[in-house]
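Here is what each chain is made of, one letter per residue.
Protein chains: 2
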Amino acid sequence: MNKILTRKSRLPALAMVLMLFMTLTMVFNRCAPADPAGQTELSELQKKALAFASPLPVHAFEEGMNKSDDLIELGKMLFYEPRLSKSGLISCNTCHNMATFGVDQLPVSIGHMWQKGPRNAPTVLNAALHSTQFWDGREPDVEAQAIMPILDPLEMAATEDHVLAVLESMPAYVEKFHLAFPDEENPLVYENVGVAIGAFERILLTPSPFDRFLNGDDGALTAEQKEGLEVFMGAGCQSCHRGPALGGTLFTVFETPVERASGKSDPGRFDITGNPLDMHSFKVPSLLNIAKTYPYLHDGSVWSLSETIDIVASDMLGTEFTREENSLILAFLGSLTGEIPGYALELPVLPPSTPETPRPAFD
Amino acid sequence: MNKILTRKSRLPALAMVLMLFMTLTMVFNRCAPADPAGQTELSELQKKALAFASPLPVHAFEEGMNKSDDLIELGKMLFYEPRLSKSGLISCNTCHNMATFGVDQLPVSIGHMWQKGPRNAPTVLNAALHSTQFWDGREPDVEAQAIMPILDPLEMAATEDHVLAVLESMPAYVEKFHLAFPDEENPLVYENVGVAIGAFERILLTPSPFDRFLNGDDGALTAEQKEGLEVFMGAGCQSCHRGPALGGTLFTVFETPVERASGKSDPGRFDITGNPLDMHSFKVPSLLNIAKTYPYLHDGSVWSLSETIDIVASDMLGTEFTREENSLILAFLGSLTGEIPGYALELPVLPPSTPETPRPAFD
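Taken in order, these protein sequences are the chains called A and B.
With my numbering as the guide, the letters of the first sequence map in order to residues 1 to 363.
With my numbering as the guide, the letters of the second sequence map in order to residues 1001 to 1363.
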């Protein structure tokens, strides 16, 4: 009756059920087409969708990158490691909580000494598929992105020296760095913290019903979601929300209603490039898991996805959706909610501090 | 080569390895004695240890308690649920981080608006085996304990109304409460939040080498750990550190060196009972996983376990250990580090907020 309490003690019974399941899975795997997209006739809608979207890859590593288990495991440990922060309390997972789709579901994040960040924290899920990182695109990839919040005085408020002292103080981390970077004599350098966390992020892809649809499974979307997809494409949303992450590749000028009302708009990418054309320019966010990564817009000022659809449609496309169209798009966006890899949800048990580990500082 | 990336795609090969393992496990389970403690001759040391300690139970539920999977699962969701807090940022796991043996490894915890708590946060692991909860024993069980930090203005800073409004706003929680409390017409009451979290805590038991030793496996402890156990018993540590959690059952007057030096000692249990005999009295902490639940003492003022051994031996027993004795006890305490249940380490994916969910407040 009780599966949790008996997980260990009822192993034989569990084993038989598992064996049956696995045998059936193996039989099924031999009968089913290996690649549905390649072997079944695609519908017109699927073909139209594949013109701007593409199925998720298995991972987001590029050719020639180190993608060893040791590196990914180290990255996961570091992602969940609060001792990287000055206070010993804040880890990547504090603001990119894996239990809530890689975000904190707050307008802006809370960091060291309860300071507020300037912009809404984007999800780490599928972030490796973006062509640049941060709202203003100031870093090229997840490896470069991951090491910035650790040093930001508003976020984890650490220094490179602190991070390296923490990691060098624990034999388990020293060993793991050597395993993860086998060709480097001194792998324990700050940049490699980002390489490892980045490697972990490169497996944080979330296959969704829409992904199955793109892969040839026409039944993966409901009739309503398909209608929503038609409305989405008809309005031209895909001119910005394109690629495997449905976003994350372009920049566009955007001021939120709250910013406009206050007269204080975030300069966005201008602060990075100094180019007047980039004033108030932001990276187009990914739509994957968008139903779960509220609140919305770069200032996290809008909680309703339906309202966000209207704001963006009006601002970006000059379009006013009917209530029915809005609701259909909402249904389509729901099909972008994917499955978080089970491996990412399994907390690592972190190695113990030693007398050499820097002590937490709360101020 | 790469196990993480290929976890799904290599199912058939994995299945075969698993089947072999499970078959061997089943064969082994039939051959091995069901209860080693009952069938093998116990050593003198094991008998002496069993006079003050006892093996961990499978779970810490008492006779007649609801221990359904639904209740435990609900408890796990609530344990990891930051929206119970006023800020939407702090969950039970913030201060009782499962990745670091159920503690935050900080002298005192950091709560709402970066406020410091008054005492070191004890681990949730094996806490259900204590006869009372909190350092001052002010609550009788984990069910009553779990709902206090949620309301504490220094910790999660919520109100009962806030918590119930959060939970009632999400259909997944409403359904889960009905499944977890099938006999109650209106199960969504604040007390049941504690019942559910308490149920989750009642499975957070961590079998250790010492536990295997008590269960009859004489080889579970090293020679050094056995010597340490002899020193431990010879000094009389077990007069307070007894029972399945090696602590958690008695109170004793204790002032930390930092308190003495400052002249400001925590009144402890006196604040609860008003009894002068309880002035500076605290619950004897459990020693399970003690090597991982630093810093030590009720004010979290000592980082070294070796130093803590000396402080407590001197204060409580009037004993001065030699460096060798101290190191042997340290080795024995290392045998109390157990295995965190894998189920507890698997983050639940939390249900999405709705328009009715109260918004986070940072002040």
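Hint data in this document are derived by calculation from the structure and do not stem from the laboratory.
Fair warning: there could be bad hints in the mix.
[To be verified] The list that follows gives simulated cross-link-like pairs (lysine-lysine, DSSO-like), each with its CA atoms no further than 27 Å apart:
id	chain 1	residue 1	chain 2	residue 2
1	A	LYS116	B	LYS1116
2	A	LYS67	B	LYS1003
3	B	LYS1116	B	LYS1264
Would you pick out the hints that fail for this structure and give their numbers low to high?
No hint contradicted; all consistent.
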